[in-house]
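Student: In case it helps, mature numbering (1 follows the signal peptide of the UniProt record, and there is no 0) puts the sequence shown at residues -20 to -1, 1 to 455.
Careful, some of the hints might be misleading.
What the hints assert, rightly or not - Quick list of simulated restraints, FRET-style, between CB atoms:
| hint | residue 1 | residue 2 | range |
| --- | --- | --- | --- |
| 1 | E100 | Q183 | 40 to 50 Å |
| 2 | H65 | V162 | 44 to 54 Å |
| 3 | Q18 | V162 | 29 to 39 Å |
| 4 | R342 | I222 | 44 to 54 Å |
| 5 | E383 | E220 | 19 to 29 Å |
| 6 | V27 | S143 | 27 to 37 Å |
| 7 | Q250 | S170 | 44 to 54 Å |
| 8 | K195 | G284 | 22 to 32 Å |
| 9 | E200 | V27 | 39 to 49 Å |
| 10 | S41 | Q18 | 23 to 33 Å |
| 11 | L173 | E350 | 54 to 64 Å |
To be verified - In silico EDC-like links for lysine to aspartate or glutamate, alpha-carbon gap of 16 Å or less:
| hint | residue 1 | residue 2 |
| --- | --- | --- |
| 12 | K332 | E304 |
| 13 | K146 | D156 |
| 14 | K268 | E251 |
| 15 | K119 | D177 |
| 16 | K289 | D209 |
| 17 | K179 | E200 |
| 18 | K289 | D271 |
| 19 | K349 | E376 |
| 20 | K146 | D196 |
| 21 | K299 | E376 |
| 22 | K219 | D271 |
| 23 | K66 | E46 |
| 24 | K282 | E234 |
Quick caveat, the hints were computed from the structure, so don't treat them as lab data. Idealized CB from N, CA, C, for every residue including glycine.
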Amino acid sequence: MWNCMLTSVLFSTVLLGCFAQNPNDRPKLSIQPAGSSQTRPAGEAFVLTCTGESYDNTLFSDMRWEAPNGEVLGKGGSYQEVEVHKIKNSILSLVVVNPKTEYAGQYTCRATYNDTKILESGVEINFFHDITWNDCLNKQSLIVNQPGELKCVVSANPSPQVSWTKIEGIDTTYLDESRFKVDKSGVLISKVLEDDDGKYRIQAIVTETGRFEHKDIILEVLIPPNITDYQNEVQGMEKEEIVLYCKADIGYPEPVYHWFDKNGTKLGSQERFVVHETNGSITIQNLKKEDAGTYTCMAQNKVGQDERKVQLTVFSKPKIIQFENITALEETTGLLECHASGVPSPELTILKENQQIESDDRIFIEKIKEEEVVILTMTINKISRDDDAEYLCLAENVAGSVENAGHLSVESKPKIVGPKSEIMKTWINNPVNITCVFDSFPVVTIKWSFNGLEIVSDQSETYRIFESEGHSNLL
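Model the full structure from these sequences, guided by the hints.
Tutor: Written out as structure tokens, the structure is:
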């Protein structure tokens, strides 16, 4: 534009001159931050400042900000979280307190200059949602041999491009698409393997905004316990101590062990029972016969449990319940019985003079088991005086041995064994000694008589009687 000015100079000479005005002196509106378009994260407050520039800034008036829909901002309306502040006559700020994506569009600053000229300047603003992570724990757990999902929801506006990799040391491996499927909520694994544990990285890129973030997730693969080391059958001695055990070769996290008795009662708090929950053993002190039975070992962690049965047998030293003295008549049948108990059932033997007696044509030995008692019966036919003796019953098993003595007494009818001659001779007026010997059991009482009259030693001066066991002498 060309302007003409009237200039007076010395000597009252008037000249009409024309010149060009400097463009930098023209009034204008500028917006800071500068740029015809901007991209801002939604939810993050920001400010635009509109400044009137001129050689005389007091000439700016009626400055205002207008929304993309033409609405004058700062006067209520649909933009509730937008504020307008007048800094100076020629400076007006627009504060967007909580930007939303729907606020995107052309924002315009307008002003009147010198009451005649309308000035304006605008900026295109796009709001985006920054990358956010939801339901995305740093450490996650899945169960081996089952389907599972690594959860991590990535959101942004514009939508992000998401990729998953596994970090193994310094190496990065892309996931096997035959088992891993990426979806909006994370990564689906068709069948979790033990080797799947480790570090996974999820990356999100928003190309429109240039935003990039990643997050690392540690996956631990949980494995139910599997008991492989245990005892099927265990034997212990009565009154001694025994240790039962079971051990899981796999299981993560490490399992805790519990023991139950034959009635299903959990053990550990009872006297004599000490359970070691970390190594799978149980110590039973001072074993009793009633401790015998089936015990259950359970290995348990937070994803499962496994059980094994252990059969406990308590061995007890033999005990002879019955082996009594008996009496039998010669030439009859005698019966000796030995009753004994123990675990395992004891072997019974009858001995005479430290020699084991076995069945023959006159002696019959029989063994019978009745519940927890073993009975040995020795039958002797045609008992003789030689059978009269002390017999031993010996009971033996792995826990020990015990013996008891019993006596067989053989009774016999009295039998004269002397003198061998029924006639004795002597000189007249000379003394004579007549001997009578009997063999019998029990010992007999011997009496003498003459012509049917009993001879009593202390009532006669003619006769004297001297007696010993089985013997009687008449003098």
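Student: Run every hint past the structure and note whether it holds.
Tutor: Status of each hint after checking the structure:
1. E100 / Q183: 40 to 50 Å: holds, 43 Å
2. H65 / V162: 44 to 54 Å: holds, 47 Å
3. Q18 / V162: 29 to 39 Å: Holds: the Cβ-Cβ distance is about 33 Å, inside 29 to 39 Å.
4. R342 / I222: 44 to 54 Å: Holds, since R342 and I222 (Cβ atoms, about 47 Å apart) stay within the stated range.
5. E383 / E220: 19 to 29 Å: holds, 23 Å
6. V27 / S143: 27 to 37 Å: About 36 Å separates the Cβ atoms of V27 and S143, which means 27 to 37 Å holds.
7. Q250 / S170: 44 to 54 Å: holds, 47 Å
8. K195 / G284: 22 to 32 Å: holds, 30 Å
9. E200 / V27: 39 to 49 Å: Holds, at about 47 Å.
10. S41 / Q18: 23 to 33 Å: holds, 27 Å
11. L173 / E350: 54 to 64 Å: holds, 60 Å
12. K332 / E304: holds, 15 Å
13. K146 / D156: At roughly 10 Å apart (the allowed maximum being 16 Å), D156 and K146 satisfy the hint.
14. K268 / E251: holds, 13 Å
15. K119 / D177: Within the cut-off at roughly 11 Å; holds.
16. K289 / D209: holds, 12 Å
17. K179 / E200: holds, 9 Å
18. K289 / D271: holds, 15 Å
19. K349 / E376: Holds - the C-alpha atoms of E376 and K349 are around 15 Å apart, at most 16 Å.
20. K146 / D196: Since the Cα atoms of K146 and D196 sit roughly 9 Å apart, the hinted pair holds (cutoff 16 Å).
21. K299 / E376: holds, 9 Å
22. K219 / D271: holds, 11 Å
23. K66 / E46: Holds, at roughly 14 Å.
24. K282 / E234: holds, 9 Å
Consistency with the previously given hints is maintained throughout, with no hint failing.
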